Each structure stands twice: as structure tokens, then as C-alpha cells.
Amino acid sequence: MDSVVIVRTGTANLASVVGAMGRLGARTIVTSEARLILDADRLVLPGVGTLGAAMEELRQRNLVKALQQRLTDGRPALAICLGLQMLLTGSEESPGVSALGIANGAATRFSNDVRVPHLGWSRISPPPLTDEPEAFAYFAHSYRVTEPPPGWSASWCEHGGRFVAAMWNGATLACQFHPELSGAWGARMLSRWFAGEGMLDLDAAVKGVA
Amino acid sequence: MPVPRVIPCLDVRDGRVVKGVRFENLRDAGDPVEQAALYEQQGADEIVMLDVSATPQGRGASLRTVAAIRKVLSIPLTVGGGVKTIADAAAMLEAGADKIGVNTAAVKNPALLEALAMQFGSQCVVLALDALAYGKGRWRVVVRSGQETVPLDALGWAIEATQRGAGEILLTSVDRDGTHSGYDLELIQAVSSTLGVPVIASGGAASPLHLVEALRAGADAVLAASIFHDGTFSVGQVKQEIAAAGFAVRPIEESAA
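Here the protein sequences line up with chains A and B, keeping their order.
Per this note's numbering, the first sequence runs over residues 10 to 219.
Per this note's numbering, the second sequence runs over residues 1203 to 1459.
It is worth saying that the hints were derived from the structure and are not from the lab.
What you are looking at is a predicted structure, and each value in this text was computed from that prediction instead of being measured.
One or more hints might be untrue.
What the hints assert, rightly or not - A few chain B residues facing chain A, derived, Cβ under 7 angstroms:
(1) Pro1204
(2) Arg1207
(3) Asp1247
(4) Ile1277
(5) Ser1324
(6) Glu1370
Using N, Cα and C, we set each Cβ at its ideal position, and we do this for glycine too.
Make a model of the complete structure from these sequences and hints.
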């Protein structure tokens, strides 16, 4: 299969993800249909905006159960930016809103002694799916996770203290940064993900750092 | 901590890059898609495209330009110019913009900032602040592509705009724009030290030294147009100078293509 299913979450600008996948030669299917999401061999969960608004979209489109099922069935999935936070139980950004609850943790806001939003290119280590010791990735967010949820491995970034740049568990990789906007390195990471490599490399990379 | 960004700016009218002095006397400066791709190859950290079209036909052309740039670009694309409503912003995002810049419409209707932040998140909302000096340490807000000065203090407006949801300031000195005399460092210092959001310095860059000065004054990112369009300096050369001045920069990589 050479296709990637991208979940339409309503507020996400999908053109960047679609463009990046297209440059890798992937056939992209943008959908909010539960059946296509459940059938997807490779799933991308993008997201911008607030967690509350994004979860409301998923609820209105009746996608919460389908995503919970598809994201834990052992097949490759990639969550991007707010997509990472949608995997958690919730976020300080939208109190009282339940996220998908696939990973046990919550996002909190950056402290005010650094620029918020965290916008721009920051060093991450170890970069997921690639064998370089570090890379620069593009971020655009105000909330973050400071510890990986139990059972998840992490790649790290620094902005007023360290936070989770990416985390992975089984075949699900969640990036707080935007690989689709992270230049040549981001394209390499997506290409590895698309080729289905790398979950083992990831764990090896982390052991090297720990 | 993010490293300083170097951002080439494409002023686009009817699908072509143009450049003027103090927003006037626009002249043709090339194809936006080719230029965006070239700048990414040279190590640009982001591209800003300002739509300076004056007609609805021009706006349509700009949406097509955004889509065409998006196809080739694997770094962020910020688009400003003519965004008046949520629907305008949604159309730009749908076409491929990652962030939306607003100036005139936000001044006329500040609630637009809240609405945009609510819908798309603050990280997506850039206040394009065009500032004109009027005496020591004071600046007024200018709207309509440099045409109209409004009785609004630039610093006060920047504070209000970020409280309403703008997540970044694209700060242009109208006095310096196109003059090649360097950024208004006092303006950069005043805004970046007052605000908690990132500040992109714009207006007046003619040499790598000017960009270094803006970063030293507190800018998080530096935007320039003519020094790149005219081929005086490549983005890579500018980043080398910035690194030589002691700032970390994102290394230049082989093209993603």
C-alpha cells in the first residue's frame, strides 16, 4: 500500500501534511469517515488550534471510538502537534475536556519566562526515526508534556526546561513538532515513517542516550 | 530555545513578486514559487508572503500562488495581506498557509484576533504591525499597506493584540522599509522587551550586519526582501554572518526535494 489516510479534524491546515506526503510519492486520502480511518494501514492525525475545539470536532464527526481503536491496533500512526495532545487524557488549555486517553498524561502551558507560543526551530534529541544524534525541528505550540506517559519513550527539546518533542509506543509516533515543516530533516523522518522502518531504531536511539 | 529565524519576504501582486520603497513604486522581482524554493534551499527558516494585490482577481491569484508555493515548500509559510474575516483566513490556510498575518482588519475590528485565535490557535495568528515613528521612542500604527496612519500607539496596540490572541508580531518599521538603512532597533527593543510572544523584525535590511543588529536588539526572527531578491546576499551567507556573530542558527541542509 502506498497510501496515507489523514484525519480531517476541521481546524487543521492539511495542505502542508498533504504536500509533504505527496513529495514522498504517497497517495493521500483526507477523510473524516470512521470506516476509512479504521481501515488505514498508515494513519496521520494532524491538528492545530485548541484541544477543546479539536475534540469537539471529533465528537461531532463521531470519530472518538474509531480513533481510540485504530490508534491502539498495532498499525503505524503518526500524530502531529495538537495530534500528540489529543492522545493524552487532557490539557490545561481546555479544562474539563477529555482527550482520546490513549496515553496517560496531560499537557501544561509553557512558563511565562520564555516566549510563548514556542514558535520556530529548536534542537531535539534523539530525533525520531533517523540515526543522527540531534536535529532541528519546527515547533508552533503553547502547551507541552514534560514527562512521557507511562510506557512511552521520548525525544526531548528545551524551552524553559525540557519537554517531550516526540513520543512513541508500539507503532504510534507522536510529534509535538511539525515534521512536514521541518525542512530536509523532516522529510527524511517522514520518509522513514512512510517506508515503515524505524520503530526499533527509535528504541535503540533512546538507549544510546539514557 | 528556538534559534533565530531568517525569513525572506515575498511581496506578491497578481501572482508576481514585487518590491517597492516605503510600499510605493512597485517593480517586478520574479516568480514567487521559484523564489520560495530557492530560499528554502539556501537555508531560509520560513517564508513570509504578503499579498499586496489591490483587486479581488489579484486575491484569487494569491490563493493559487499560496497553493503552488506549498507544493514545493517544506518549511513554514506565513501569509498576510487582505485577510478581513475568518473565512479569508480559512481559505489561506486551506490553500497552504501555516500562519496568517493581519493588520488593517485587526485594527478596524480587534475582535477578529480573538476569533482567529479561538478557531486556529494563537500560534497561527500573526499581528502585522506597521509602525511609524513620531518623536523619541514613540510609534503610531499604520494600516492599508502604509497608506493610513491611525491614532493608535504601536506599543499599546501590540500589547492589546497579544492579549486578544495574536501569537507573534511581524514588526515593520514604515520609516525604514525599502530604505536599506537598517532596522529601527529602538522599535524592536521596545516591542520585544515588552511582549511575551516572538517578534519578527522587518523593514530596512540591506546587509547581514543589519540582521545581526536586529537580533541583538531582541528580535526572535529577521525578515528581509530586497537583499535576497537582488542577489546581494544569499540566505546562507546571511546565516553564516549571524553564526559568526555568536548566534546559533539552524544548519543549512541539502534540499528536501
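Ser1324 of chain B as chain A interface residue, shortest Cβ-Cβ below 7 angstroms: Since chain A brings a Cβ to about 6 angstroms from Ser1324 of chain B, closer than 7 angstroms, the hint holds.
task: Would you settle whether the hint for Glu1370 of chain B is holds or violated, based on the nearest Cβ-Cβ distance to chain A being less than 7 angstroms?
output: holds, 6 angstroms
- prompt: Is the interface hint for Pro1204 of chain B satisfied, with its Cβ closer than 7 angstroms to some Cβ of chain A?
  reply: Given a least distance of 3 angstroms, the restraint on Pro1204 of chain B holds.
message: So, as I understand it, the hint says Ile1277 of chain B touches chain A; can you test that by seeing if any CB pair is closer than 7 angstroms?
response: holds, 5 angstroms
message: Would the hint on Asp1247 of chain B be counted as holding, given a Cβ-Cβ threshold of 7 angstroms to chain A?
response: holds, 6 angstroms
message: Arg1207 of chain B was flagged as interface toward chain A. Is the shortest Cβ-Cβ separation under 7 angstroms?
response: At 5 angstroms from the nearest chain A Cβ, Arg1207 of chain B passes the 7 angstroms test, so the hint holds.
Figure legend: structure checked against the earlier numbered hints; every hint is met.
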